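Assemble the complex: chain A is given as a structure, and chain B must be docked to it using the hints.
Chain order of the listed sequences is A and B. Residues in the first sequence are numbered consecutively from 1, following the working numbering. Residues in the second sequence are numbered consecutively from 1, following the working numbering.
Hints should not be assumed to be uniformly reliable.
Unchecked claim - The calculated lysine to aspartate or glutamate pairs, modelled on DMTMM-like cross-linking and capped at a C-alpha distance of 25 Å, are:
#, chain 1, residue 1, chain 2, residue 2
1, A, K12, B, D20
2, B, K298, A, D69
3, A, K12, A, E115
4, B, K281, B, E242
These aren't lab readings, by the way, just hints derived from the structure by calculation. For clarity, every value in this text was computed on a predicted model and none was experimentally measured.
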Amino acid sequence: MSDIPGDLKYAKSHEWMRQGEDGIVTVGISDHAQASLGELVYVELPEVGSELSPGDACAVVESVKAASDVYSPVEGVVTEVNEALADQPELVNEQPYDNGWIMRLSDVNKDDVAELLDAEAYQATLEED
Amino acid sequence: MARRTSLYEQHGTAGARIVDFAGWDMPVHYGSQIDEHHAVRRTAGMFDVSHMTVVDLSGVRVREFLRYLLANDVGKLKTAGKALYTCMLNENGGVIDDLIVYFRDDTHFRVVVNAATRDKDLAWIEQHALDYDVAVKERDDLAMVAVQGPQAREIAAACLPQTGRESALALKPFNAMSIEDYFVARTGYTGEDGFEVILPAEQAPGFWKALAQAGVVPCGLGARDTLRLEAGMNLYGQDMDESTSPLESGLGWTIAWDPAERDFIGRRTLERQKADGVANKFVGLVLQARGVLRAHQKVLTGNGEGEITSGTFSPTMECAIGLARVPKGIGKHCEVEIRGRQLPAQVVRPPFVRMGQTIVVVEPHESEES
Numbered sequence: 001m002s003d004i005p006g007d008l009k010y011a012k013s014h015e016w017m018r019q020g021e022d023g024i025v026t027v028g029i030s031d032h033a034q035a036s037l038g039e040l041v042y043v044e045l046p047e048v049g050s051e052l053s054p055g056d057a058c059a060v061v062e063s064v065k066a067a068s069d070v071y072s073p074v075e076g077v078v079t080e081v082n083e084a085l086a087d088q089p090e091l092v093n094e095q096p097y098d099n100g101w102i103m104r105l106s107d108v109n110k111d112d113v114a115e116l117l118d119a120e121a122y123q124a125t126l127e128e129d
Numbered sequence: 001m002a003r004r005t006s007l008y009e010q011h012g013t014a015g016a017r018i019v020d021f022a023g024w025d026m027p028v029h030y031g032s033q034i035d036e037h038h039a040v041r042r043t044a045g046m047f048d049v050s051h052m053t054v055v056d057l058s059g060v061r062v063r064e065f066l067r068y069l070l071a072n073d074v075g076k077l078k079t080a081g082k083a084l085y086t087c088m089l090n091e092n093g094g095v096i097d098d099l100i101v102y103f104r105d106d107t108h109f110r111v112v113v114n115a116a117t118r119d120k121d122l123a124w125i126e127q128h129a130l131d132y133d134v135a136v137k138e139r140d141d142l143a144m145v146a147v148q149g150p151q152a153r154e155i156a157a158a159c160l161p162q163t164g165r166e167s168a169l170a171l172k173p174f175n176a177m178s179i180e181d182y183f184v185a186r187t188g189y190t191g192e193d194g195f196e197v198i199l200p201a202e203q204a205p206g207f208w209k210a211l212a213q214a215g216v217v218p219c220g221l222g223a224r225d226t227l228r229l230e231a232g233m234n235l236y237g238q239d240m241d242e243s244t245s246p247l248e249s250g251l252g253w254t255i256a257w258d259p260a261e262r263d264f265i266g267r268r269t270l271e272r273q274k275a276d277g278v279a280n281k282f283v284g285l286v287l288q289a290r291g292v293l294r295a296h297q298k299v300l301t302g303n304g305e306g307e308i309t310s311g312t313f314s315p316t317m318e319c320a321i322g323l324a325r326v327p328k329g330i331g332k333h334c335e336v337e338i339r340g341r342q343l344p345a346q347v348v349r350p351p352f353v354r355m356g357q358t359i360v361v362v363e364p365h366e367s368e369e370s
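Okay, chain A solo, but in the shape it has when bound (with noise of 0.2 Å):
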């Protein structure tokens, strides 16, 4: 059973966003999707500073086995990025909503916020795979 927290967005492809006091999102893949791929190796960040739409590949996280692409949820700036990950992508294993976070985002699309999944909704789309 994956860990889906209440007060996050989630994405069909997995992915979360948290949204900041500050307007800042912060995003990440879900608990289902850091145990579906298995260890981490190694992951490769967006540059900060890119402009993204959603859905598009900004990230690339690569356990033993594949490598897998994340998407943004949506559109937006990268602002930061976990430079953590470089010497520890086993943090998106272990703490996949906490220190495992890929990605800020500023000058975030609210529509494209308002389209994203609830908790429960995320769950529901879990349990039809």
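Positioned in the frame of chain A, the structure of chain B alone reads:
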């Protein structure tokens, strides 16, 4: 409906993540693929490889048949139980499969072929066996467990029928013997010492449980792949197939050219290739930057392009390694294209790791120099 081995229930109990592999429900890992990998390098791990196809061949002309069917020469097998790794080629010298053949007695041989190639292998073997009056019997009543690692033989021997424990420990590498219903071979696909045990399917769960109780770590197909890659062992369908010559797949050593009068399927094509020279060679690569090597990435060299056939992150070396088919004269360095970027890699001769030790000399990575 995927097929399940007689150990399927054990996998569930041990918390396996199950994936489809060649039509079989198989464990890919039991929680941590990397921990499983280390267990095999450091202590002992076990793999359910019952999905592999065991075929018994019998007949008065069985040796003559296999000397024609296989590129390596079973004529080398003089003592009962001796094993040989070989390719089975088509007329064009392409690899139908790679397999291990065991000499049992003058009228009985056993071969173990890949699960993914079962149907075409059996069809090919049966087709040619007719001319030699050799009986071909698939043994789907048997299970197969590989126990691998520095402590594997000792622990596994204690779980074998009492009558054969001592003689099992006395087996030399690439030799096998029957102990009651068990067929025990000192072979493997990890670069470590150990046994591959073929036994009646209904006895496999008991053997598996005894091994687990003795501390052997259950390992999935994920660790099997990283271990074999570190050991520089080819994977059929990835590193070679019917479109590639063994001479371009690092398998030239498995072709028995002598005696010259032995005709085997594919021989004429291979002799022509050998005389004309092949354009490519098969090498190991160590990525000298962050990232992971993967099959089908492009290799850039001064002499043209090559391709990675297998790549992964090596848990033992803690960096990316791969096998690649590249133009001859590649030299000691090349670049690999990963998502549009060209990253430096060192060219090495596999294996990368054997018996718990990294044996390739890895140069410092660029990122560590700067």
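Now the hints, each set against the structure:
Proposed proximity of K12(A) and D20(B) is supported: the alpha carbons are some 24 Å apart, at most 25 Å. A distance of roughly 19 Å separates the Cα atoms of K298(B) and D69(A); the hinted pair therefore holds under the 25 Å criterion. Proximity of K12(A) to E115(A) is assessed by CA-CA distance (about 11 Å); at most 25 Å being required, the pair is judged to hold. Of the supplied pair hints, the one linking K281(B) and E242(B) holds, its CA atoms being roughly 17 Å apart against a limit of 25 Å.
Violated hints for the displayed structure: none, as all numbered hints are satisfied.
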